[in-house]
Amino acid sequence: MSSTGVRRISLGRAIPLILVGVAVLVTAAILLNRRVAQAAPDQPIAFNHRTHADAGIQCLFCHPNAMRSDVAGIPSVQRCVGCHQTIASSSARIKTVLSYWERSEPIPWAPVTQMADFVFFSHQPHLSAGVNCETCHGVVGKMSVVRPVVTMDMGWCLDCHLKQPEPKVARLTDCLACHK
Amino acid sequence: MTHTVSRRSFLKIAAGTGVAAGLNPTVRRVALEPFVRPPEEELPGKATWYASTCRQCPAGCGIIVRVINGRARKIEGNPGHPLNRGKLCARGQAGLQVLYNPDRLQNAVRQTGGRGSRHFEPLQWDEVLDQLASSLRGVGGGSEVAFLGGLMPTHLYPLVTRFLEALGSPAPVLFDLHSAMEGRTQSHDLTQRWFGSMELPIYDIGHAEVIFSFGANFLETWLSPVSQSYDYGTMRQGQSGGRGFLVQFEPRLSGTGASADQWVPVQPGTQGLIALGLGRIIVEENLGRVGSHREHAQLYRDVNVGAVADASGLPVERLQKLARIFADADRSVALPGGGLSSHTNASQSMDAVMALNVIMRRLGRVGGVFLPQQVPADAFSAPISPSPFRDLGKLVQNMRSGRVGVLMIYGANPVYELPRWSGFIDALTNVPLVVSFCPFIDETAVQADYVLPDHTYLEGWGYQVCSPGADRPVVSSQQPAVRPLYDTRSTAEVLLSLASRLGGALAQALPWPDEPTYLEEASAQLFGSSIGVIDARTEAGFWSQWRQVGGWWSAKPIMQEPELAGLTEGPLQVPSASFAGKPDQFPYYLMPYESIALSDGRGASQPWLQETPDPMTTASWNTWVELNPETAAHLGVTDNDIVRVVSPQGALEAPVVVYPGIRPDVIAIPTGQGHQDYGRFAAARGANVMDLISPVPEQEVSLLAWGATRVRVEAVHKVMTLARLESLDGEGRETVR
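Residue numbers (this note's numbering), protein chains in the order written: chain A, -3 to 176; chain B, 385 to 1121.
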């Protein structure tokens, strides 16, 4: 039909323009997305990692499960209150923490680092292999507000897996090492 | 219909989608909620498995529940449990949806707008218990407390009976449709008549060579399906020499029938008659290698094989062939199934089937019939049998006459399960106070004044004496896998707190401060038993292993040989079954059958079970009417056409499934749907086949003859597409709502 023919011609002319527009939009979107992904999330309590690290507290004191489990774990409210019943208990933020404890409610922390859910990641073998917390999480001890420092995509994982000693590389680059 | 998409429009769509996806920030709002007080045995990210007991049906299979971060994630069969031996059925797997069901009651409620208003007001537990205690104080002097239960967990039953005894009220009445459809009461009566025992018999399916199943769908819902399916596998793999042979006698081909070598589509109500005919042939022709049949001759004195052939529609030659198959095997066994209990001649039919085991001398023999060995402790010894139907009639009468002051309902849904003519709903209006313990608002809870929701089974305590048991005595223990999600309370705890509030004889009868103490004390009776698997030095150690192992059972198989107590003096007779409805007005037999996924309707609130296709028709999410192709052609209907099924008692409309595995004179409808309440997944879906069941004048009062109704079928010229496995376009499905 003729009407369709006309539309086809006009569309045909516009196509390069449309394609360029789409490419710009997609690139912008990807960049924006990365920015959003690497921003520090809002937390229910403005927790300061630096204060705690400066006081000489080790990562594993509050996140002990990294050594023995898949997840490092968020410290239980009981763990917070263990110290803060006496330390800085008059500060407003700590009062908020204590109020959760009194109501027997968990504090709804927002996760800072998120691993894709099609990957079976476990902290325990990484720590056993001598990887430091800072390697993946950045120097959290120097951050007042924690934000993710690396984009945890497959290239980044492989980057490190490929640098491992020769006999381990084949196993560490196998698909099924992470995707099960 | 096909859409052609040009390359160009495809690119346009792809680009548009890409932009839309790219602009949409991928940050998900999730919160990581740590424990407030971490439990000792929990390691975040690592699974902890708790052994417990499945409560989706009364079989009592052992389960292990995978718990991560305090949340139950998966249910599996307990590999150490002698009943289900690590296996679990679809209903067991779906148990998580009982726990996480969005329609669970989250606290105790009172129906403030009057019964049926569905206007519920939350109550504090202390308040509700005080109110209930004062109502119970007012009972007495002509009025009584009545307790109606489904086949309740065996740990709760003694508490309820003690509670009622101390109040001076009659024993609880136990009725649920599942038990009625598997013929549990009649099976108890059967062993009582033949062997003088109240236990359910054990049929050694695993070691049998030939199984004649008379309406026993033992791979689906009958008694202990997981254990029986396991044994069926053993039987088929020929572990005791040669592949076993199964013959199924039933009017509609069930999933079990489909697994059989021969399906004998018998006329409804004649299964017992056929068993009688087979027995007569065996005795008359002295078949089998068991010696003389002379002593059994009097059992079959009155049986005429020709008359059996006429009544059942099976030719004499076929009966003779079948008799030879049964008698020539070394290890044959006949199963009197739930299908027999649907007819007015239930007890005589079951006698006729059991007689086949007796004349072939299958009692106490490998691959034959056994009685369970009792658990060696008082707390676990008495088996619980559902009440005869006449007890329910008495209860309804008492309710109607105003004798019942308080009615408590646990684990049963009589408003949904009982036909209207039972008078239950009408009699409810004469009961001043009705209390339901259901964790959901089901049809019965809608007619209650108070609903005091129990925990779901993954949150609660208990135990179950498995009956029918495995090859050994088994008590399966139940413990909370997770902390209760809501402000619910176990019914045992409610009874204990009521007892302590009311004091006196009641407090003496129920002296335990809480449910775990009661259970620990009961389990301690088995401490030191020499036959058990638990090897503990102290009672505390026993209690901890009891929970860890998943219960108590004997280390070795022990079963009893049944001793004949009666009925060896003949003659056996099976009267012809009566049906409600005249054949000229109602030409078809109605055969309700129990849905393998939804059971008697209790599974309808779980979407996984709704989505589970029926194994024979692959239909789900609805009710359907199964018609033989011949019948369908006669009525001028086909798949998905809606028909109206009319019985003397009522009518329902549902789409047709044309099904070759059914007799032309029978129509079949599954149970489980047609709920008015019971949550968003169950309500307003399909029709309830119990609306059709009519009273039969000759029916024994001890029996709800659920298969003794005749119906007619009318086309209504409307179509409704059923969700079936082959309709992959999702039509008729409502998985996303």
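Read the hints as simulated data drawn from the structure, not as lab findings. Positions of the beta carbon are idealized from the N, C-alpha and C atoms, including for glycine. A hint or two may mislead.
Said to hold, decoys possible - Using 30 Å as the maximum straight-line C-alpha spacing, the simulated BS3-like pairs for lysine-lysine come out as follows:
1. A:K176 with B:K458
2. A:K176 with B:K471
3. B:K966 with A:K176
4. B:K430 with A:K164
5. A:K176 with A:K159
6. B:K966 with B:K940
Stated by the list, open to error - A short list of chain A residues far from chain B (calculated; beta carbon distances all over 12 Å):
7. C55
8. I70
9. R89
Assertion that A:R89 lies outside the chain B interface [Cβ separation over 12 Å] = 17 Å, holds
Separation of A:C55 from chain B, once the least beta-carbon distance is taken, above 12 Å = 15 Å, holds
Quick one, are B:K966 and B:K940 close enough, alpha carbons at most 30 Å?
-> Violated - the C-alpha atoms of B:K940 and B:K966 are around 55 Å apart, more than 30 Å.
Quick one, are A:K176 and B:K471 close enough, alpha carbons at most 30 Å?
-> Cα-Cα ~25 Å, so holds.
Has the given pair, B:K430 with A:K164, been kept, meaning a C-alpha gap of at most 30 Å?
-> 26 Å, holds
Straight-line Cα separation of B:K966 and A:K176 no greater than 30 Å?
-> 63 Å, violated
Would you check whether the claim that A:I70 is not at the interface survives, using Cβ distances to chain B and the 12 Å cut-off?
-> 4 Å, violated
Regarding the pair A:K176 and A:K159, is the alpha-carbon distance no greater than 30 Å?
-> Answer holds: A:K176 to A:K159 is near 22 Å, not above 30 Å.
Restraint status (C-alpha distance of A:K176 to B:K458 at most 30 Å) = 18 Å, holds
Violated hints, in rising order: 3, 6, 8; the structure is consistent with all others.
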